[in-house]
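Engineer: The primary structure of each chain is shown beneath.
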Amino acid sequence: MLSNTDGYVTEDGRTIGGVVMEMKNITLRFGGVTAIKDITFDIREGEIRAIIGPNGAGKSSMLNVVSGFYVPQEGEVFFRGEKRPALKPFEVARQGIARTFQNIALFEGMSVLDNVMTGRLTQMKAGFISQSIWRGKAEKEEVENREICERVIDFLEIQSIRKTPVSRLPYGLKKRVELARALASEPKLLLLDEPMAGMNVEEKEDMSRFILDVNDEFGTTIALIEHDMGVVMDLSDRVVVMDYGKKIGDGTPSEVRNNQAVIDAYLGVSHD
Amino acid sequence: MFYREAGDFSTTYREDSQTFPIKFDRYRYYAVLIIAFAIIPFLLNDYWVNAIFLPFLIYSIAAIGLNILTGYCGQVSLGTGGFMAVGAYATYKLMTAFPEVSMVVHILLAGGVTAFVGVLFGLPSLRIKGFYLAVATLAAQFFLVWLFNRVPWFYNYSASGQINSPERTLFGIPITGANTEPWAVYLFCLVFVTISAVVARNLTRGAMGRKWMAIRDMDIAAEIIGVNPLTAKLSAFAISSFFVGVSGALFFSVYLGAVEVGEVFGINKSFLVLFMIIIGGLGSIFGSFAGAAFLVLLPVLLKNVLVTGLGWPTDLAAHLEFMIVGFLIIVFLIVEPHGIAQLWRVAKEKLRLWPFPH
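Taken in order, these protein sequences are the chains called F and D. The opening position of the first sequence corresponds to residue 1022 in the numbering used here, with each subsequent residue numbered one higher. The opening position of the second sequence corresponds to residue 7 in the numbering used here, with each subsequent residue numbered one higher.
Please note that the accuracy of each hint is not assured.
[As the list claims (entries may be wrong)] Below 27 Å or equal to it, Euclidean Cα-Cα: the simulated DSSO-like pairs (lysine-lysine) are:
#	chain 1	residue 1	chain 2	residue 2
1	F	K1195	F	K1045
2	F	K1104	F	K1267
3	F	K1195	D	K356
4	F	K1109	F	K1267
5	F	K1184	D	K29
6	F	K1184	D	K309
7	F	K1184	F	K1146
8	F	K1146	F	K1158
9	F	K1146	F	K1109
10	F	K1158	F	K1195
11	D	K135	F	K1109
12	F	K1209	F	K1195
13	D	K309	D	K29
14	D	K354	F	K1195
15	F	K1109	F	K1045
16	F	K1161	F	K1104
17	F	K1158	D	K29
18	F	K1195	F	K1058
19	F	K1184	D	K356
20	D	K29	F	K1161
21	F	K1158	F	K1184
22	F	K1146	F	K1161
23	F	K1146	F	K1209
I should point out that these hints are in silico values taken from the structure, not numbers from a laboratory.
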């Protein structure tokens, strides 16, 4: 068992740091339904951490707990060594956690650029007067944040559509714009909820490349949920496997693949 | 051919994020400003000012205000008439209490008072959305009109229950009361309109506008990326009500001169301004102007054609006018549900390629 501050070296030779986010004995209930039962796991600096499991296993609920959208009834969440109190979702964003959604949650009425710029809103603090005359701090902030957004836009290769209204884009590009919006906030922890759902093979390859590049280039810690086992096993450094709200496996992809409980959950087990 | 951005490059982000990034647009905007400020004032007479220009300018401010709330922030409001009444009564109380203070200050303060009232009535928006919020703002409409009718303090205990705007001057020129010159009141309102439009545009293209639009398009996602829904919604209510209050203040003090609240600022007014932004285009400053122009000009035009042109009796024309306006609104919404602003955008896109669309 690793200690909280020790790192480890991945199978492909990258060095992973200490714990960024730690979930301790999380239990989440909706009325009588227990979505998550007593789950403990951690996410370490610079790693790509996957959460997998069959439908209804509680993966999305888990991600919502990490992103602060749900507050668990029991258990503690530690972010960068400090216990996180029950925060409002917008306060969690200000701590440096960004996410994308399973069903795209872009702002359809705005252009791609404006959508990406919304990722910088927590950093824009110009006063009302300055904004209404578009002088001084407001203008300076606009230009500075635009530069950061343009870097992300270049990185994700969506320069040509930056002025296009999001509602006109095809699905695959929307997913990419959503990733751009999350990246624009320069998050310390990036949560991706099924980034490859509904994509064809080519789009999946593109998206996988972007996820690896983001991790490699910016050193962003990433936690993702994904159904495509091939993608998960290739991308992630460590995998949490959930089933019926419980954790049934945790480890590197090869460890998880050989875990009997995981095989039973995915392939079924005969009851005789 | 006529509308080209070829060869028009932005080399800085500052240039790219200006209101009119295309040179042609920018020059057209300056031309409109010059015509509005330097040419129209010399051509005006009483009829043009009272029938067309003043209502158009004042409704434009109200439409910009409501467009910020409904078009940009997505909070439907049916309380515009009530908020205009707040602006009108606030100016009236200020004008009569401090006669020596400038009208500009009174009108801005009236806007401030309306902003405060708007925030109060905007508080339910934190809990309810859509139709339910519309009904809650409807309550504001009825309550405010009732308040100004029933509490004599607001109309200074006058016997008629009306408020009358006393004569006030700016630089020695009367702008309210009975002895105003057409060009003076026109320019006075035009200054307010221009500043309102520029401020509204600056707010909506920057960080604040993005917060509003994020709330409008998907409030849950907006919250997850760090937008505080409380401040975003209430700031939209405050700024929107400020503009609506200013328009109410001008409507009473400069345009009408005398107001009976139930008649002038009733529910009809709320719907009229709402129709303006729906026809003009939600989420567009230009649309606010276009909608105000459409609904101010159309009745005047119809009246001129029917009564003056065809010689119909006035009462018949007045009734037909209602039917025609209603019919046109329905046709318009079927043909272009996103309003005149969208028509304008489509026309510009076509013109960019014309005459070689391939």
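Engineer: Each hint should be assessed against the structure and marked as holding or not.
Structural biologist: Hint by hint, here is what the structure shows:
At most 27 Å may separate the alpha-carbon atoms for a hinted pair to count; F:K1195 and F:K1045 exceed this at roughly 34 Å. Straight-line distance between C-alpha atoms of F:K1104 and F:K1267 comes to about 23 Å, which keeps the hinted pair within the 27 Å bound. Restraint check: the Cα-Cα separation between F:K1195 and D:K356 comes to about 26 Å, which is no more than 27 Å; the hinted pair holds. With a C-alpha separation of about 26 Å, the suggested pairing of F:K1109 with F:K1267 holds against the 27 Å cut-off.
The suggested pairing of F:K1184 with D:K29 holds, with an alpha-carbon distance near 18 Å, which does not exceed 27 Å. For the proposed pair F:K1184 and D:K309, the alpha carbon gap of about 43 Å is over 27 Å, so the pair is violated. A distance of roughly 24 Å separates the Cα atoms of F:K1184 and F:K1146; the hinted pair therefore holds under the 27 Å criterion. Proposed proximity of F:K1146 and F:K1158 is supported: the alpha carbons are some 8 Å apart, at most 27 Å.
Proposed proximity of F:K1146 and F:K1109 is supported: the alpha carbons are some 19 Å apart, at most 27 Å. A threshold of 27 Å between alpha carbons decides the hint, and for F:K1158 with F:K1195 the separation of about 31 Å lies outside it, so the pair is violated. About 20 Å separates the Cα atoms of D:K135 and F:K1109, which keeps this hinted pair within 27 Å; it holds. A hinted pair counts as satisfied when its Cα atoms are at most 27 Å apart, and F:K1209 with F:K1195 qualifies at roughly 23 Å.
Proximity of D:K309 to D:K29 is assessed by CA-CA distance (about 39 Å); at most 27 Å being required, the pair is judged violated. Distance check on the hinted pair: D:K354 and F:K1195 sit about 26 Å apart at the alpha-carbon level, within 27 Å; holds. With a C-alpha separation of about 20 Å, the suggested pairing of F:K1109 with F:K1045 holds against the 27 Å cut-off. Restraint check for F:K1161 and F:K1104: the C-alpha separation of about 35 Å exceeds 27 Å, so the hint is violated.
A C-alpha spacing of about 26 Å is found between F:K1158 and D:K29, which places the hinted pair at or below 27 Å, so the restraint holds. Under the criterion of a C-alpha separation no larger than 27 Å, the hint pairing F:K1195 with F:K1058 is inconsistent with the structure, at around 34 Å. The suggested pairing of F:K1184 with D:K356 holds, with an alpha-carbon distance near 17 Å, which does not exceed 27 Å. Our distance criterion of 27 Å between C-alpha atoms is met by D:K29 and F:K1161, whose separation comes to about 23 Å.
A distance of roughly 24 Å separates the Cα atoms of F:K1158 and F:K1184; the hinted pair therefore holds under the 27 Å criterion. A hinted pair counts as satisfied when its Cα atoms are at most 27 Å apart, and F:K1146 with F:K1161 qualifies at roughly 11 Å. Of the supplied pair hints, the one linking F:K1146 and F:K1209 holds, its CA atoms being roughly 20 Å apart against a limit of 27 Å.
Of the hints listed earlier, those the structure fails to meet are numbers 1, 6, 10, 13, 16, 18, in rising order.
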